[in-house]
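Dock chain L against the given chain Y, drawing on the hints supplied.
There are 2 protein chains.
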Amino acid sequence: MTSGGGLGAGLGGGLGGPVLVIGCGLIGTSVGLALRHHDVPMHLQDRDPEVARTAADLGAGSAEPPAQDPAVVVVAVPPDHVGPVVVEALQAWPRAVVTDVGSVKTRPLEAVARATSDISRYVGGHPMAGSERSGPLAASLDLFDGRVWAVTPHEAADPAGVDRVAELARLCGAEPVRMQPADHDEAVARVSHVPHVLAVLAAARLKCAPEDHLQLSGQGIRDVTRIAAGDPDLWQQILTANSSAVVRMLSDVRSDLDRFIGELSSSTPRVQPLLQRGVAGTQAIPGKHGGPRRSVDAVFVLVPDRPGQLGRLLADSGEGGVNIEDIRIDHVLGRPSGLVELSVPEGDGERLIVALAERGWAVHR
Amino acid sequence: MTSGGGLGAGLGGGLGGPVLVIGCGLIGTSVGLALRHHDVPMHLQDRDPEVARTAADLGAGSAEPPAQDPAVVVVAVPPDHVGPVVVEALQAWPRAVVTDVGSVKTRPLEAVARATSDISRYVGGHPMAGSERSGPLAASLDLFDGRVWAVTPHEAADPAGVDRVAELARLCGAEPVRMQPADHDEAVARVSHVPHVLAVLAAARLKCAPEDHLQLSGQGIRDVTRIAAGDPDLWQQILTANSSAVVRMLSDVRSDLDRFIGELSSSTPRVQPLLQRGVAGTQAIPGKHGGPRRSVDAVFVLVPDRPGQLGRLLADSGEGGVNIEDIRIDHVLGRPSGLVELSVPEGDGERLIVALAERGWAVHR
Numbered sequence: 001m002t003s004g005g006g007l008g009a010g011l012g013g014g015l016g017g018p019v020l021v022i023g024c025g026l027i028g029t030s031v032g033l034a035l036r037h038h039d040v041p042m043h044l045q046d047r048d049p050e051v052a053r054t055a056a057d058l059g060a061g062s063a064e065p066p067a068q069d070p071a072v073v074v075v076a077v078p079p080d081h082v083g084p085v086v087v088e089a090l091q092a093w094p095r096a097v098v099t100d101v102g103s104v105k106t107r108p109l110e111a112v113a114r115a116t117s118d119i120s121r122y123v124g125g126h127p128m129a130g131s132e133r134s135g136p137l138a139a140s141l142d143l144f145d146g147r148v149w150a151v152t153p154h155e156a157a158d159p160a161g162v163d164r165v166a167e168l169a170r171l172c173g174a175e176p177v178r179m180q181p182a183d184h185d186e187a188v189a190r191v192s193h194v195p196h197v198l199a200v201l202a203a204a205r206l207k208c209a210p211e212d213h214l215q216l217s218g219q220g221i222r223d224v225t226r227i228a229a230g231d232p233d234l235w236q237q238i239l240t241a242n243s244s245a246v247v248r249m250l251s252d253v254r255s256d257l258d259r260f261i262g263e264l265s266s267s268t269p270r271v272q273p274l275l276q277r278g279v280a281g282t283q284a285i286p287g288k289h290g291g292p293r294r295s296v297d298a299v300f301v302l303v304p305d306r307p308g309q310l311g312r313l314l315a316d317s318g319e320g321g322v323n324i325e326d327i328r329i330d331h332v333l334g335r336p337s338g339l340v341e342l343s344v345p346e347g348d349g350e351r352l353i354v355a356l357a358e359r360g361w362a363v364h365r
Numbered sequence: 001m002t003s004g005g006g007l008g009a010g011l012g013g014g015l016g017g018p019v020l021v022i023g024c025g026l027i028g029t030s031v032g033l034a035l036r037h038h039d040v041p042m043h044l045q046d047r048d049p050e051v052a053r054t055a056a057d058l059g060a061g062s063a064e065p066p067a068q069d070p071a072v073v074v075v076a077v078p079p080d081h082v083g084p085v086v087v088e089a090l091q092a093w094p095r096a097v098v099t100d101v102g103s104v105k106t107r108p109l110e111a112v113a114r115a116t117s118d119i120s121r122y123v124g125g126h127p128m129a130g131s132e133r134s135g136p137l138a139a140s141l142d143l144f145d146g147r148v149w150a151v152t153p154h155e156a157a158d159p160a161g162v163d164r165v166a167e168l169a170r171l172c173g174a175e176p177v178r179m180q181p182a183d184h185d186e187a188v189a190r191v192s193h194v195p196h197v198l199a200v201l202a203a204a205r206l207k208c209a210p211e212d213h214l215q216l217s218g219q220g221i222r223d224v225t226r227i228a229a230g231d232p233d234l235w236q237q238i239l240t241a242n243s244s245a246v247v248r249m250l251s252d253v254r255s256d257l258d259r260f261i262g263e264l265s266s267s268t269p270r271v272q273p274l275l276q277r278g279v280a281g282t283q284a285i286p287g288k289h290g291g292p293r294r295s296v297d298a299v300f301v302l303v304p305d306r307p308g309q310l311g312r313l314l315a316d317s318g319e320g321g322v323n324i325e326d327i328r329i330d331h332v333l334g335r336p337s338g339l340v341e342l343s344v345p346e347g348d349g350e351r352l353i354v355a356l357a358e359r360g361w362a363v364h365r
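So the protein sequences, as listed, match chains Y and L. Sequential numbering of the first sequence, starting at 1, is according to my numbering. Sequential numbering of the second sequence, starting at 1, is according to my numbering.
No lab work stands behind these hints: they were computed from the structure. The model shown is predicted, which means the values in this text are computed figures rather than measured ones. No false leads were mixed into what you were given.
Facing chain Y, from chain L, some residues (calculated, C-beta under 10 Å): (1) HIS184; (2) LEU206; (3) CYS208; (4) VAL224; (5) ILE227.
Now the stretches of chain Y that chain L is said to cover, found in silico as 3 or more residues with beta-carbon under 8 Å: (6) 144-151; (7) 262-269.
Cβ coordinates follow ideal geometry from the N, Cα and C atoms, glycine included.
Extracted from the complex, chain Y is given alone in its bound form:
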């Protein structure tokens, strides 16, 4: 099939035909649920037919194979299997656009290109959504709502096929963002895979710590290490699939780490420049809604740890007419209360403090 040839023609708007999902885990089943919501005809396939039937029972589509070539095949299998399954799908459905949802793009593309020359219909993708839970029962209609969905066409990809994958992402509620596969892999190494490794390195220090030392744990260590709780088998696959970008960036990390160790071993350590780069890095992360980072006021409130108190707090905040941008609960040791940090648009802090104090809350900045 040549570029643009049989893909867009005569299919009308939307996806123009049924969608086949291969792999009915969290992501695949959620795609089915989201597209069924738009009345897209859905078919579901899994190497375990029982799993496909479960996804079908949940309303994600039919467990029967499609009678004709699907408009799109979505390969939603574990990272290690993406390449071969994409190749099988290209061969099984010679008129379908084939996409995948794997968290790494270059290596599977290379595997596909090695196995077949018929790659114009393959367009990689990666929805930035997930959950600690897995399997079809963890799936949901709105898993992708408002999330970025990277669409990563290779150079020979059919433009109509690229549009169709972007449309599928949009129908799932996501925001398609086009990137080259290598750029994508460098980006996720930077914002996901390397931070995961660093979280693991911080968490690994805690395993053998004396218990009373961990009593000094605050919110910082909890935040830094949260993602280190992720499934080791899945992360083994992700880090392996993206190993070149990850190793390149971990080598930069090691250089910085060596500088920290060198400076702190000297008689006159000077680590401000390194620390300053960290500050600048935190400021580079896009703000809420992908817009520029907004300045906020932080307001702290002591909240009794009983059902309904947090609701009462936020209802009281709402009555004050202040929009809460963010909220953080800092768990308090040894007493039935929590310290809650409310972030509000810059300048609204005082108004919120007055509104909450009037309503009897222990509040400060």
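Just chain L now, kept in the frame of chain Y:
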């Protein structure tokens, strides 16, 4: 003064006398506010008299020097100055217990011991509380509420002085926890200083990233890098003061990092054991209220980004009789809504989902 001699005798309950705070920043002024709340006579001193007057105006005590030896002198100056100021305080007030609030304990103790033999009245301390903001205007009455306050006596410390510092921590609303200075420093290296360095290393990677790459940033990178936004000058002092414990632990980090790089550079990477240690580490952090970590159910709700919506959500949750253990707002790109993750005690998830769905919320697990 010998152990126990002039300290406890005849002073009655509580602290038994006035308290002098030296250094009227966030911590010092908050100590003043908290102790004034219990009618402890407070005196405030700062190398900038204007700062001491500001703290006094806020109600943290008197900017006049005490007429007699204070029961406790609290040294609340930046890390670099703790040692010399403690020595001055021991000399200026020969009957007072002197404590400090610095985040590192061994090095200042060594400095004090080098400068004077009269160290039985010195008892180190470290409240685990703070803020991104600094100065007396950022202070608050309840900064220490429910926080751990490490009390770190050296071997020759007067037991009555140790008790008095613990009582001061308690009057401030904190939970005193006794540790040896070296244990404290190793503990904070582990749960605070090394995680800070790792957060900086992750954040430093973002500074020079192409902007469109950062569009893929999710909650993970935000959590890992949050603390890297801390003041570089303060952290330079903290890391320098605790450099031996930090360097020792950073060397372990480097060994693990080298193993990650080595494995991921090989043809058959095997990083599960390293990842598994990370998982175990996250499980070692004490749970809410310092008790064992509790299992929770996570429930996700799509919330319109308008004043009062979050309050309505939590009010509706409260009516369902479910206690929210934790809440996390995941910012959604390019649309006026947020995905809110509610954590509730294990087994309560279904009940909350039903309660919220009945009240019209888009909710899933």
